[in-house]
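2 protein chains.
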Amino acid sequence: MQQKIIEGIINGDRRMVARAISLIEDEASEKETILSAIFPYTGKAYCLGITGAPGAGKSSLVDQLLVLLRRQGLRVGVIAVDPTSPFTGGAILGDRIRMQEHALDKAVFIRSMGTRGNLGGLSRATKDVIQILDAFGKDVVIIETVGVGQSEVDIIKYADTTVVVLTPASGDSVQTIKAGIMEIADVFVVNKADLPGADRTVSEISMMLDLGGKKRAWRPPIVRTITLDGSGVGELHRALLDHREYLTSSGRLEKAREDRVRRDIVDLIEYKVKSTIWRQVSGSAEFELLVSRIMSRETDPYAAAVQILRSINLNGLSP
Amino acid sequence: MQQKIIEGIINGDRRMVARAISLIEDEASEKETILSAIFPYTGKAYCLGITGAPGAGKSSLVDQLLVLLRRQGLRVGVIAVDPTSPFTGGAILGDRIRMQEHALDKAVFIRSMGTRGNLGGLSRATKDVIQILDAFGKDVVIIETVGVGQSEVDIIKYADTTVVVLTPASGDSVQTIKAGIMEIADVFVVNKADLPGADRTVSEISMMLDLGGKKRAWRPPIVRTITLDGSGVGELHRALLDHREYLTSSGRLEKAREDRVRRDIVDLIEYKVKSTIWRQVSGSAEFELLVSRIMSRETDPYAAAVQILRSINLNGLSP
Chain A
129 MQQKIIEGII
139 NGDRRMVARA
149 ISLIEDEASE
159 KETILSAIFP
169 YTGKAYCLGI
179 TGAPGAGKSS
189 LVDQLLVLLR
199 RQGLRVGVIA
209 VDPTSPFTGG
219 AILGDRIRMQ
229 EHALDKAVFI
239 RSMGTRGNLG
249 GLSRATKDVI
259 QILDAFGKDV
269 VIIETVGVGQ
279 SEVDIIKYAD
289 TTVVVLTPAS
299 GDSVQTIKAG
309 IMEIADVFVV
319 NKADLPGADR
329 TVSEISMMLD
339 LGGKKRAWRP
349 PIVRTITLDG
359 SGVGELHRAL
369 LDHREYLTSS
379 GRLEKAREDR
389 VRRDIVDLIE
399 YKVKSTIWRQ
409 VSGSAEFELL
419 VSRIMSRETD
429 PYAAAVQILR
439 SINLNGLSP
Chain B
129 MQQKIIEGII
139 NGDRRMVARA
149 ISLIEDEASE
159 KETILSAIFP
169 YTGKAYCLGI
179 TGAPGAGKSS
189 LVDQLLVLLR
199 RQGLRVGVIA
209 VDPTSPFTGG
219 AILGDRIRMQ
229 EHALDKAVFI
239 RSMGTRGNLG
249 GLSRATKDVI
259 QILDAFGKDV
269 VIIETVGVGQ
279 SEVDIIKYAD
289 TTVVVLTPAS
299 GDSVQTIKAG
309 IMEIADVFVV
319 NKADLPGADR
329 TVSEISMMLD
339 LGGKKRAWRP
349 PIVRTITLDG
359 SGVGELHRAL
369 LDHREYLTSS
379 GRLEKAREDR
389 VRRDIVDLIE
399 YKVKSTIWRQ
409 VSGSAEFELL
419 VSRIMSRETD
429 PYAAAVQILR
439 SINLNGLSP
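Taken in order, these protein sequences are the chains called A and B. 129 is the number of the first residue of the first sequence in the numbering used here; add one for each residue after it. 129 is the number of the first residue of the second sequence in the numbering used here; add one for each residue after it.
Hints were generated in silico from the structure; no laboratory data involved. Be careful, since some hints might not be right.
Pairs count within a copy or across copies, as identical chains cannot be separated in the list.
[To be verified] Distance condition first, Cα-Cα at most 27 Å in a straight line; then the derived DSS-like pairs of lysine-lysine:
#, residue 1, residue 2
1, Lys-383, Lys-234
2, Lys-285, Lys-402
3, Lys-400, Lys-234
4, Lys-383, Lys-172
5, Lys-234, Lys-402
6, Lys-132, Lys-343
7, Lys-343, Lys-400
Full structure from sequences and hints, please.
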């Protein structure tokens, strides 16, 4: 079965891609074999991150970008991530509607992901799904995520270029946007630019970019879009190409991807070590004895941690 | 110096307590020796968590509880945690004002903590400061934290009894309160109960508690308070005593503290293992070779993680 899924992904079988993604979401044990096997086929997709507050118009923007990219013959994958929702129900309905539009277009693949279990899990799963879509042959993978906190900053880290979408609406005022979100922007979009206050939003972003006065190698452009009539989407597309060109020619793309590999390895090691520790420690007689000795103040958690560490066998780590 | 701090804490020297807390906030290496040495003197303090949205009136509530607890001759420590603020500046100013009130009262110790570095760090530091105040001889330690997300749910986990403070203001409507925050409540407070909408807020909470229809061993009471004139604070105090009595007589207090010890040990082990891995891996020749082989697709992160795990020496973990 694993072999069939692996071959399916590489040979462009949508059903096998969907199967692999489900295994990833379920944290199935087969997932690592699959990801390891498809890895040689990855590294070709360009990953685009789009983040912004709920209602900023990210989905419409992604849909219009999709049309542009498709016209150039590019194969596109979209991962819509909502870290605030433990249910993908709503998002799946949204998917269906969006899928219909692109139903006859086999070169487009759209998938929603919500939080199952912890946020770290969602960020890990998103990264793995990018790999799957990359090996599947997508030229561009778009991660669309609701920007509300630390979690989607973690998710968007896997993007080569990150677009932050704002609107002139008061609640989206630049001052209220989390600093972390602003720092990750390579391109700003002021969507719904026909609403009053668009000029102010643009100048607020601009002022913020000039704060500190340091010379930037890349100054994030600010693009105005109106998704209702599609205006500005062409300009956004050009800004994305500019940023990609900047990353490639400056060697920063290579450097960023290398850094991502470093973090990936360390994350994997930590994850494996944590699972192994938990499996060996949880419920073991030594552990429970230490817990009761701590409760009676005969020893303390620090001494207990050191003692347990001595007895943990990391050689038992499954590959 | 460490010995002086340790003895100072146990003998009730405020200056040494402050010194120890600073070491904890700075993640100084001495911190573990201190925490380990004072551990036998801990376990006596009852830990009270108070969480709620900004502006809900938590600080006033805590101040009035302080007066009540002091009247009974109890020694009280307060840790005011603001996970949203990387600066403790504002909070420190607030502290000074509050400290003046209790300035002549040596039995009260108030300290603010903001985010330095990551949120996990803040939660760890809060836990450590509880230990310090416990060994310092406080009968009650109050953690006051702004309730806005996952981070303060993690922080409040160290409380024996958790109070969730709501107000009748529309923004605090029960529907908008994060589910995670609702689940941790042992006692609800509807503060500013003289405002319109208080009845509705109380009945919303009540309805929410009855959702699912399952019989609860402890049904969180809903207490109305008006901090302006102190009304309801006595009732809150009785609700807290009731919950403590419930926890003690049912054996749940012991059980919860045991679970906390389990989690503490595992957290400590994971933290130590992660630091050790990072120290051995980061920048090592083997690691960098693997990174470049992954970049050229000769190997993959999964294989690399397994290979590195084999070579990591956990015996090198410092005690």
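Tested hints:
1. Taking the shortest alpha-carbon separations for Lys-383 and Lys-234, neither the intra-copy value of 33 Å nor the inter-copy value of 56 Å comes in at or below 27 Å.
2. Proximity of Lys-285 and Lys-402 under a CA criterion of 27 Å is satisfied in both settings, with 23 Å inside one chain copy and 21 Å between copies.
3. For the homomeric pair Lys-400 and Lys-234, neither the shortest alpha-carbon distance inside one copy (37 Å) nor that between copies (48 Å) is at most 27 Å.
4. When the C-alpha separation of Lys-383 and Lys-172 is checked against a cutoff of 27 Å, the pair qualifies only within one copy, where the shortest distance is 15 Å, while the shortest distance between copies is 53 Å.
5. With identical chains, the CA atoms of Lys-234 and Lys-402 are never at most 27 Å apart, being 40 Å at best within one copy and 43 Å at best between copies.
6. Taking the shortest alpha-carbon separations for Lys-132 and Lys-343, neither the intra-copy value of 52 Å nor the inter-copy value of 49 Å comes in at or below 27 Å.
7. Taking the shortest alpha-carbon separations for Lys-343 and Lys-400, neither the intra-copy value of 42 Å nor the inter-copy value of 39 Å comes in at or below 27 Å.
Hint violations for this structure: numbers 1, 3, 5, 6 and 7, all remaining hints satisfied.
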